[in-house]
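The listed protein sequences correspond, in order, to chains A and B. Okay, so the first sequence: first residue is 1 according to this note's numbering, each after it adds one. Okay, so the second sequence: first residue is 1 according to this note's numbering, each after it adds one.
Read the hints as simulated data drawn from the structure, not as lab findings. Some hints here could point you the wrong way.
With a straight-line Cα cutoff of 27 Å, these simulated BS3-like cross-link-like pairs (lysine-lysine) come out [to be verified]: (1) K83(B) x K57(A); (2) K105(A) x K42(B); (3) K42(B) x K57(A); (4) K5(A) x K78(B); (5) K58(A) x K105(A).
The following residues of chain B were derived to be distant from chain A, with all beta-carbon distances above 12 Å [to be verified]: (6) E3; (7) Q14; (8) E18; (9) V19; (10) V43; (11) E68; (12) R69; (13) S81; (14) E85.
Please read these numbers as outputs of a predicted model, since none were measured by experiment. Beta carbons are placed, not taken as given, at the ideal position from N, Cα and C, and that holds for glycine.
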Amino acid sequence: QQQVKQSPQSLIVQKGGISIINCAYENTAFDYFPWYQQFPGKGPALLIAIRPDVSEKKEGRFTISFNKSAKQFSLHIMDSQPGDSATYFCAASTGGSNYKLTFGKGTLLTVNP
Amino acid sequence: EPEVTQTPSHQVTQMGQEVILRCVPISNHLYFYWYRQILGQKVEFLVSFYNNEISEKSEIFDDQFSVERPDGSNFTLKIRSTKLEDSAMYFCASRQGPSPLHFGNGTRLTVT
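Same shape as in the complex, but just chain B (with noise of 0.2 Å):
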């Protein structure tokens, strides 16, 4: 079965760093997503994406944060200066049309 692929795994950063988090979506689908994960708190929707345009986005999902599709087959989050806040786990998640989202086993972000 297809999977959404997220890389790395475990990123750790220090605090004001950038970093870029990648994920690989299931190849025939068309709409993207990440969420975040605050260690034992729920998971929350940051942005969507779709036709290489962000669809809709949340109050988290502020100017630190951005998306992009550098390719066919990449869809990746950065976060420009990242603060102890920013730790949590990450997901990426895919679907094609009004398929359900498809989740990534998710990049936890560790700032220090």
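Chain A on its own, in the form it takes in the complex (with noise of 0.2 Å):
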């Protein structure tokens, strides 16, 4: 129940196009939804989080969308740049906190020029 799930493994993505990873969870206690970003030999950097009282949070030319029924989100990349390839990881935290978080297993994003 306290699962994470995580899609797809790995996108290839063009120059300009939009980059969509999805995100599923069971516990409905989670209230705190945030994306992070990682480059190789870095740490994970939060990119945009979400709290289950909109359905959605843009920052910039990326977008969480959520659905709290279905409980999913997703992270939308907009005019998707090389500069944006990381591995995108979504996470999920309970008691109205941002600690002990729950991740996904990421996803691997290619942009290619």
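Reassemble the complex: the two chains are provided individually, in unrelated frames, and hints are given to aid placement.
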């Protein structure tokens, strides 16, 4: 019940295209859903996060869509750029905090020039 | 921008040896964490630490593991007797109040 399932495992997108990564969860007590971006040799860095009282949050080219009834959330990267090539992790936590994150398995995004 | 600093970047040790992984959290942060990532797998929570004591730990964090804040700036993870399956990337993280977690760049531990 603590799992966060992430798909796809890898994704190849052309420059300018839209990258979409999906996550699903079971634990209805989760109330904080961040996305992290990780470049090789670096730690995860917070990209964008959402709480379940909103269905969408947009920051620049990055958008989280959240479907509470379906227990799913997704990351959309508009106008994908080669510099966006990285591993993306969705995560979730409970208790109104943003610690003890449960991570998805990650998606390796490659944006071709 | 302040960073979480971890040393060493890569640690190689023999099975059964003790290792200490070191972290310097962001200076005004009060909450400290260790996560690990086995190669090709997801990032997993190990332990959280606040006010000089463990606030929560996962089932991975057994008696072989311990954490300490020996002074006002460092936060360490000790593995007493390493096993092959302890080989992983270990990430330290910190936060201040409700702010997001800030992760370090990790220490790659290789147990041979």
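Hints versus structure:
{"no.": "1", "hint": "K83(B) x K57(A)", "result": "43 Å, violated"}
{"no.": "2", "hint": "K105(A) x K42(B)", "result": "4 Å, holds"}
{"no.": "3", "hint": "K42(B) x K57(A)", "result": "25 Å, holds"}
{"no.": "4", "hint": "K5(A) x K78(B)", "result": "31 Å, violated"}
{"no.": "5", "hint": "K58(A) x K105(A)", "result": "23 Å, holds"}
{"no.": "6", "hint": "E3", "result": "9 Å, violated"}
{"no.": "7", "hint": "Q14", "result": "25 Å, holds"}
{"no.": "8", "hint": "E18", "result": "24 Å, holds"}
{"no.": "9", "hint": "V19", "result": "19 Å, holds"}
{"no.": "10", "hint": "V43", "result": "4 Å, violated"}
{"no.": "11", "hint": "E68", "result": "19 Å, holds"}
{"no.": "12", "hint": "R69", "result": "16 Å, holds"}
{"no.": "13", "hint": "S81", "result": "26 Å, holds"}
{"no.": "14", "hint": "E85", "result": "18 Å, holds"}
Violated hints, in rising order: 1, 4, 6, 10; the structure is consistent with all others.
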